[in-house]
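A.B. asks: Each chain, letter by letter, is given below.
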Amino acid sequence: MVYHSSLSLSDLFSRKRKDETADAGTDWPVYPTKALAKFLASLNARSQRLLLDLGPVVGTNVTFFGEELGCKIHVEDVFKDIDRHVTEGKLDALSSFLAGRFAQEDGTVDGILCWDVFDYLDKASAQALARELVRILRPDGALFALFNIVEAATKAPPGFTRYVVADRQNLQYRSYRGARGKQRPLSPRDIQRLFEPLRITEQFLLKNNLREVLFRKPIAETTTAEGEPAGHRAAD
Amino acid sequence: MWKRDEAVKPTGPASPASPATPATPAQQAQAASAPAQPESRRHQMMERDVVNIGKSVVIKGELNGSEDLTVEGHVEGKIELRDHVLTIGPNGKIKAQVFAKAVIVLGEVNGNVTATEKVDIRDGGSVDGDIISPRVAIAEGAHFRGSVDMQRKGGQPSQSKAENAQVQRSSASNVGSQPVAAH
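Those sequence lines, one after another, are chains P and Y. Under the numbering used here, think of the first position of the first sequence as 1, with each following residue one higher. Under the numbering used here, think of the first position of the second sequence as 237, with each following residue one higher.
Rather than coming from a laboratory, the hints here were simulated on the basis of the structure. Check each hint, because a few of them may be wrong.
[Said to hold, decoys possible] With the Cβ distance kept under 8 Å, some of the chain P side facing chain Y (calculated, not the full set): (1) VAL57; (2) GLY59; (3) VAL62; (4) THR63; (5) GLY66; (6) GLU67; (7) GLY70; (8) LYS72; (9) ILE73; (10) HIS74; (11) VAL75.
[Said to hold, decoys possible] Dumping the calculated DSSO-like pairs for lysine-lysine here, alpha-carbon to alpha-carbon at most 30 Å: (12) LYS182(P) <-> LYS207(P); (13) LYS182(P) <-> LYS123(P); (14) LYS337(Y) <-> LYS296(Y); (15) LYS80(P) <-> LYS207(P); (16) LYS80(P) <-> LYS329(Y); (17) LYS296(Y) <-> LYS331(Y); (18) LYS80(P) <-> LYS354(Y); (19) LYS80(P) <-> LYS331(Y); (20) LYS314(Y) <-> LYS331(Y).
[Stated by the list, open to error] Sample of chain Y residues with no beta-carbon within 10 Å of chain P, all distances over it, derived: (21) ILE295; (22) GLU303; (23) GLY309; (24) GLU353.
A quick note: this is a predicted structure, and the numbers were derived from the prediction, not measured. Heads up, the beta-carbon is just placed ideally off N, CA and C, and yes, glycines get one too.
So that you can see chain P by itself, here it is in the shape it has in the complex (with noise of 0.2 Å):
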């Protein structure tokens, strides 16, 4: 029997507890954002608001949100319907799931967090996708998204992100394991079709390869005794 002299039970002990504290996320890295506040700021002007976020559902940004907007948060998780598609085999059904995913009936929801739920999706599940986002947005209300813009690594494990709000400033961003694995970024042009008539009102690259972006929903054009239409202040 060999006997490693230098390395004890209470070593070994020791080593279990660092890991099992490092997957509660110690290391989880923290990234800048420069969208969120801008996205907090388009719904403060507003009272009695509705939040959709479709991430996996995070302690803290339930409770971030629900400070910082005083807002009612409904948390529609995605990932998970991506991941049972996925794991079921049924990937092709995928699209007309997500095209009946949400009861809110229409322009009912003031605020969207997309995370980067469309980097998991194909393309007609996309176009279903942000078809629904946008029947249920109210006219000025807000959509923030994230998007991948470089090609994802062959060898990376399938997997989703959750995205932790730190501050107004900051996100963490904490893997955890899925079935799927991104697919081909979109092209700014892709992103911007997707979601018409959205208007991408702010757009930053982050230097972590991600794409930012926030839409806000145009009012609805009525002209106004002047003869200019109303809507465009809303957009700016």
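Dock chain Y against the given chain P, drawing on the hints supplied.
C.D. replies: Relative to the frame of chain P, chain Y by itself:
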């Protein structure tokens, strides 16, 4: 030398009525707040203040109470503990509308939860329904599907919103060393 018996002994004081049952969070909190009291007295207090609905109990209908309650069994209908803490234990399954001062979920809840102080969904806990509470904590590993309404009366955020936000930011800046559970 390592003694097996010592390793499996529960660390907290066990209730004499149910020695194998681990202490509930409410009991733990109570025990923590009164460390100097004699053990026997603490046991008596716990028995008096926390009521347990055991694993095998099924209740259908309305449940009202004026003391803290831990549910390990099944409840269908409505639970109302306006001024007290409701704990859904790991074995508890609730299919009901819940109204309480604070709700701690370690089991399953299917229905809307309204708390005047806090809703805390712990790791392994599950809520399918809408939550209305000024404070909500959802741990990583918890399941939640529904909406969270943290609005105060009149649709305004709390008076100390700026203060809260500052605290949130300062605590969130340490998020790297904290578990995801929001407290």
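A.B. asks: Are the hints correct? Go through all of them and say.
C.D. replies: Status of the hints after comparison with the structure:
For VAL57(P), the suggested interface contact is upheld, since its CB lies about 5 Å from the closest CB of chain Y, less than 8 Å. Taken as an interface hint, GLY59(P) checks out: its beta carbon lies about 3 Å from the nearest beta carbon of chain Y, inside 8 Å. Taking 8 Å as the C-beta cut-off, the interface hint given for VAL62(P) holds, the closest approach to chain Y being about 5 Å. With 8 Å as the threshold, the beta carbon of THR63(P) comes within range of chain Y, its nearest partner Cβ sitting at about 4 Å, so the hint holds.
For GLY66(P), the suggested interface contact is upheld, since its CB lies about 3 Å from the closest CB of chain Y, less than 8 Å. Given the 8 Å rule on beta carbons, the hint for GLU67(P) holds: about 5 Å separates it from the nearest Cβ of chain Y. Proximity of GLY70(P) to chain Y holds as hinted, the smallest CB-CB distance being about 3 Å (cut-off 8 Å). Using the Cβ-Cβ criterion of 8 Å, the hint placing LYS72(P) at the interface with chain Y is satisfied: the shortest such distance is roughly 4 Å.
The beta carbon of ILE73(P) comes within 5 Å of a beta carbon in chain Y, closer than 8 Å, and the hint placing it at the interface holds. Here the hint on HIS74(P) is kept, as its CB sits about 4 Å from the closest CB of chain Y, short of 8 Å. Here the hint on VAL75(P) is kept, as its CB sits about 6 Å from the closest CB of chain Y, short of 8 Å. At most 30 Å may separate the alpha-carbon atoms for a hinted pair to count; LYS182(P) and LYS207(P) meet this at roughly 18 Å.
At most 30 Å may separate the alpha-carbon atoms for a hinted pair to count; LYS182(P) and LYS123(P) meet this at roughly 13 Å. Simply put, LYS337(Y) and LYS296(Y) have alpha-carbon atoms about 22 Å apart, close enough for the 30 Å limit, and the pair holds. At most 30 Å may separate the alpha-carbon atoms for a hinted pair to count; LYS80(P) and LYS207(P) meet this at roughly 28 Å. Of the pairs offered as hints, the one joining LYS80(P) and LYS329(Y) holds, with about 23 Å between alpha carbons and a cut-off of 30 Å not exceeded.
Distance check on the hinted pair: LYS296(Y) and LYS331(Y) sit about 9 Å apart at the alpha-carbon level, within 30 Å; holds. Restraint check for LYS80(P) and LYS354(Y): the C-alpha separation of about 27 Å stays at or below 30 Å, so the hint holds. Straight-line distance between C-alpha atoms of LYS80(P) and LYS331(Y) comes to about 23 Å, which keeps the hinted pair within the 30 Å bound. For the suggested pair LYS314(Y) and LYS331(Y), the alpha carbons sit about 8 Å apart, so the restraint of at most 30 Å is met.
At roughly 28 Å, the least C-beta separation between ILE295(Y) and chain P is larger than 10 Å, which holds for a residue marked as non-interface. Residue-level check passed: GLU303(Y) sits 28 Å from the nearest beta carbon of chain P, beyond 10 Å. Every CB of chain P lies more than 10 Å from the CB of GLY309(Y), the least distance being 26 Å, so the non-interface label holds. Residue-level check passed: GLU353(Y) sits 14 Å from the nearest beta carbon of chain P, beyond 10 Å.
Checked against the numbered hints given earlier, this structure breaks none of them.
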